[in-house]
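Undergrad: Read off the chains here:
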Amino acid sequence: MHTWKQAAWLAGFELKARIKRSLLMLAFYTIVGFIFLTSFDNYLADNFYAFDLLFLLLFIMFPAWMKPKIFQMQKMDGDLWTVPAVIMLQQLPVPKAVIVKSRFIIHSVYSFPYQLMLLVMLLVVSSSFREMITPLSYTAFVAIWLAVSVALGFAMAASEAGGTFDTKLLAKSMIYLVLGVAVFYAAFQWLADEGLIYWTIGMAQNWPMLSIGVSLLTIYAGWNYWQRVMKKDIEKADYL
Amino acid sequence: MPSWIEINGLQKSLDDFQLGPISLAIEPGTITALVGNNGSGKSTLLKLVMNLANADAGTIEVFGETAAGKDESWKQKLAFHPQKIIGWDAYTGTTLKEMISSLYGEWDEALFERMVGLFDIPLDKRFGKLSQGMQQKLSLALALPRNTEVLILDEPTAFLDIPSKRHFMDLLIDWMDAKERAVIITSHQTDDLRKLADYIFVMRDGKAIGHYEKEALLESYRRYWLDRLPDGSVPGEMSRDRQQIISGDPAATEHYFAVQNITVIDHAALDLEEIIDLLLK
Numbered sequence: 001m002h003t004w005k006q007a008a009w010l011a012g013f014e015l016k017a018r019i020k021r022s023l024l025m026l027a028f029y030t031i032v033g034f035i036f037l038t039s040f041d042n043y044l045a046d047n048f049y050a051f052d053l054l055f056l057l058l059f060i061m062f063p064a065w066m067k068p069k070i071f072q073m074q075k076m077d078g079d080l081w082t083v084p085a086v087i088m089l090q091q092l093p094v095p096k097a098v099i100v101k102s103r104f105i106i107h108s109v110y111s112f113p114y115q116l117m118l119l120v121m122l123l124v125v126s127s128s129f130r131e132m133i134t135p136l137s138y139t140a141f142v143a144i145w146l147a148v149s150v151a152l153g154f155a156m157a158a159s160e161a162g163g164t165f166d167t168k169l170l171a172k173s174m175i176y177l178v179l180g181v182a183v184f185y186a187a188f189q190w191l192a193d194e195g196l197i198y199w200t201i202g203m204a205q206n207w208p209m210l211s212i213g214v215s216l217l218t219i220y221a222g223w224n225y226w227q228r229v230m231k232k233d234i235e236k237a238d239y240l
Numbered sequence: 001m002p003s004w005i006e007i008n009g010l011q012k013s014l015d016d017f018q019l020g021p022i023s024l025a026i027e028p029g030t031i032t033a034l035v036g037n038n039g040s041g042k043s044t045l046l047k048l049v050m051n052l053a054n055a056d057a058g059t060i061e062v063f064g065e066t067a068a069g070k071d072e073s074w075k076q077k078l079a080f081h082p083q084k085i086i087g088w089d090a091y092t093g094t095t096l097k098e099m100i101s102s103l104y105g106e107w108d109e110a111l112f113e114r115m116v117g118l119f120d121i122p123l124d125k126r127f128g129k130l131s132q133g134m135q136q137k138l139s140l141a142l143a144l145p146r147n148t149e150v151l152i153l154d155e156p157t158a159f160l161d162i163p164s165k166r167h168f169m170d171l172l173i174d175w176m177d178a179k180e181r182a183v184i185i186t187s188h189q190t191d192d193l194r195k196l197a198d199y200i201f202v203m204r205d206g207k208a209i210g211h212y213e214k215e216a217l218l219e220s221y222r223r224y225w226l227d228r229l230p231d232g233s234v235p236g237e238m239s240r241d242r243q244q245i246i247s248g249d250p251a252a253t254e255h256y257f258a259v260q261n262i263t264v265i266d267h268a269a270l271d272l273e274e275i276i277d278l279l280l281k
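Listed in order, the protein sequences are those of chains V and D.
Going by the numbering used here, the first residue of the first sequence is number 1, and it counts up by one from there.
Going by the numbering used here, the first residue of the second sequence is number 1, and it counts up by one from there.
The set of hints was computed from the structure by calculation and includes no laboratory data.
Note that the Cβ used here is the ideal one computed from N, Cα and C, for glycine as well.
Heads up, some of the hints might be wrong.
Under the rule of at most 20 angstroms between Cα atoms (straight-line distance), these lysine to any residue pairs were calculated in the SDA-like manner [to be verified]:
1. D:77 <-> V:213
2. V:168 <-> V:179
3. V:16 <-> V:56
4. V:5 <-> D:72
Cβ-to-Cβ under 7 angstroms is the rule here; a few derived chain V residues that face chain D [claimed, not checked]:
5. 17
6. 50
7. 53
8. 70
9. 87
10. 90
11. 92
12. 93
13. 202
14. 238
15. 239
16. 240
Examples of chain D residues lying across from chain V (beta carbon under 10 angstroms, computed) [as the list claims (entries may be wrong)]:
17. 12
18. 14
19. 51
20. 53
21. 77
22. 88
23. 98
24. 103
25. 150
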């Protein structure tokens with residue numbers, strides 16, 4: 001518990017340092033999200049693909065982009081890529097486990113409030129969505145998407161450990177990642193014959209308790225797994 | 001007395017650079033200067049001590065703990081002032097002080113305030129907005145008051161103006177006198193080395209050239225002005241120029257002069273800069 005307390009205390013410095021900018025960003029993206037969500041009924045009626053991509057971006061990539069540039073992953077000397085705080089805290093008497101937890105707390109602050117707000121807005125804005133979902137299935141729907149956020153989105157938090165990467169290799173990996181997501185999405189559409197959000201709504205409607213259970217397990221496993229990955233990567237990396 | 005830091009056979013390869021093997025012990029009550037040409041691996045060595053990178057071979061023990069081990073509590077006993085400060089840009093001096101002071105049980109608030117006053121540091125400005133010199137002053141004001149047993153300073157005076165450098169030297173000497181401590185310092189400023197160092201560890205292109213006691217090192221080199229230069233090589237001879245010979249073994253050189261009836265017109269000790277220059281050639 002002391003580890004989490006110290007991690008939260010350290011995370012507080014970074015979060016407070018740019019709080020005005022972060023709140024402005026949150027307000028801006030809330031408005032953008034609200035405008036976008038007004039067309040959610042179209043998605044439900046016509047399987048409007050852009051919504052799936054928007055959700056994937058919001059739950060996986062968006063928290064990393066929300067962070068102020070000064071705290072984001074950046075290129076240091078040579079081919080070293082990392083978040084400056086990871087180097088700064090290792091030069092202080094801060095255990096690596098605390099560094100990892102502080103990065104996860106910061107990532108959570110940039111993830112969950114906005115994602116939850118979006119999920120609530122969806123309920124407020126879309127009448128079709130309200131009609132098709134019960135309180136229990138809505139809970140399951142929220143749990144599924146939070147599980148996506150932790151299982152996939154927190155890979156971004158873990159990647160903040162950084163390391164020595166060849167820039168060309170990094171660019172190639174990004175291209176493969178985008179291609180991979182595109183192939184997965186296309187295959188999903190072809191196999192399931194419906195969009196990802198639609199599919200998760202179906203899961204939440206048909207198997208709400210199972211969805212909640214699996215989602216909670218995924219959240220627990222993902223949360224711990226990515227922390228272990230980040231700690232190992234910090235131990236492996238050369239911050240020279 | 002056991003060493004506080006013990007480095008044994010340390011090696012690290014980075015692209016086309018090979019550091020080591022390096023062996024070095026840091027004892028309490030001493031100031032050790034790491035000296036070397038640019039790119040000799042001084043900063044890399046310090047970062048390895050701080051466990052910021054993994055060694056390929058060899059060991060580093062800090063207060064009996066393996067630096068790369070699970071127990072990271074030894075970091076409480078070390079304060080590290082890096083050459084390039086990373087991650088501080090978004091924070092004001094006040095915030096950095098709040099963060100750093102809380103992490104060290106022996107934080108000396110009075111010393112911090114004294115240094116802030118002496119260096120005239122604006123604590124309300126973001127670190128990234130400060131000039132390089134002011135950044136260095138703030139970083140030093142946040143290093144010394146940690147009151148750790150060991151202080152590691154990587155080029156601490158590179159951007160300081162002359163009065164600030166003098167103030168810092170005086171503060172560091174007082175700080176060393178107050179308690180049993182040890183300092184590892186890298187510097188290209190021979191003035192720093194002359195005033196501060198007890199030991200000099202010389203490195204060239206990643207390799208250790210030698211670990212010397214400063215006073216002994218100063219006594220081990222001498223320049224001789226002669227009435228005539230002998231044709232052959234002189235014992236201890238490091239270099240010769242017109243009627244001068246520089247010797248790295250004065251006793252052997254003087255004995256040779258006496259035997260060969262060579263008159264020494266004058267002789268003088270070399271200054272530290274010249275000796276380091278010779279060692280790095």
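Undergrad: Next, verify each hint and record whether it holds.
TA: Cross-check of the supplied hints:
Between the alpha carbons of residue 77 (chain D) and residue 213 (chain V) the distance comes to roughly 47 angstroms, so the proposed pair goes past 20 angstroms and is violated. Distance restraint check for residue 168 (chain V) and residue 179 (chain V): the Cα-Cα separation of roughly 17 angstroms lies within the 20 angstroms cut-off, and the hinted pair is therefore satisfied. Between the alpha carbons of residue 16 (chain V) and residue 56 (chain V) the distance comes to roughly 28 angstroms, so the proposed pair goes past 20 angstroms and is violated. In summary, the hint linking residue 5 (chain V) to residue 72 (chain D) is supported, as the alpha carbons are separated by about 18 angstroms, within the 20 angstroms threshold.
The closest approach between the C-beta of residue 17 (chain V) and any C-beta of chain D is roughly 5 angstroms, which is under the 7 angstroms cut-off, so the hint is satisfied. With its C-beta approaching chain D no nearer than about 35 angstroms, residue 50 (chain V) sits outside the 7 angstroms limit, and its interface hint is violated. A hinted interface residue such as residue 53 (chain V) counts as satisfied when its beta carbon comes closer than 7 angstroms to some beta carbon of chain D; here the least separation is about 32 angstroms, so the hint is violated. Annotation: residue 70 (chain V) was flagged as interfacial toward chain D, and the flag holds, the nearest CB pair being 5 angstroms apart, inside 7 angstroms.
With its C-beta approaching chain D no nearer than about 5 angstroms, residue 87 (chain V) sits inside the 7 angstroms limit, and its interface hint holds. Nearest Cβ of chain D to the Cβ of residue 90 (chain V): about 6 angstroms, under the 7 angstroms cut. The hint holds. Taken as an interface hint, residue 92 (chain V) checks out: its beta carbon lies about 5 angstroms from the nearest beta carbon of chain D, inside 7 angstroms. Satisfaction of the interface hint for residue 93 (chain V) is found here, the shortest Cβ-Cβ separation to chain D being roughly 4 angstroms, below the 7 angstroms cut-off.
Against a cut-off of 7 angstroms between C-beta atoms, the interface hint on residue 202 (chain V) is violated, since the closest Cβ of chain D lies about 44 angstroms away. The beta carbon of residue 238 (chain V) is positioned within 7 angstroms of a beta carbon in chain D (closest approach about 4 angstroms), and the interface hint is therefore held. Below 7 angstroms, beta-carbon pairs count as interface contacts, and residue 239 (chain V) has one with chain D at about 4 angstroms; its hint therefore holds. The beta carbon of residue 240 (chain V) comes within 5 angstroms of a beta carbon in chain D, closer than 7 angstroms, and the hint placing it at the interface holds.
The interface hint given for residue 12 (chain D) is met, as the beta carbon of that residue sits about 8 angstroms from the closest beta carbon of chain V, less than 10 angstroms. With 10 angstroms as the threshold, the beta carbon of residue 14 (chain D) comes within range of chain V, its nearest partner Cβ sitting at about 7 angstroms, so the hint holds. At a threshold of 10 angstroms, the smallest CB-CB gap from residue 51 (chain D) to chain V is about 7 angstroms, leaving the interface hint in force. Satisfaction of the interface hint for residue 53 (chain D) is found here, the shortest Cβ-Cβ separation to chain V being roughly 4 angstroms, below the 10 angstroms cut-off.
Evaluation of the residue 77 (chain D) hint against chain V yields a held restraint, the C-beta minimum of about 8 angstroms falling below 10 angstroms. With its C-beta approaching chain V no nearer than about 7 angstroms, residue 88 (chain D) sits inside the 10 angstroms limit, and its interface hint holds. For residue 98 (chain D), the interface hint holds, the least distance from its beta-carbon to any beta-carbon of chain V being 8 angstroms, beneath 10 angstroms. The interface hint given for residue 103 (chain D) is met, as the beta carbon of that residue sits about 5 angstroms from the closest beta carbon of chain V, less than 10 angstroms.
Using the Cβ-Cβ criterion of 10 angstroms, the hint placing residue 150 (chain D) at the interface with chain V is not satisfied: the shortest such distance is roughly 12 angstroms.
Going through the hint list in order, the structure does not satisfy hints 1, 3, 6, 7, 13 and 25.
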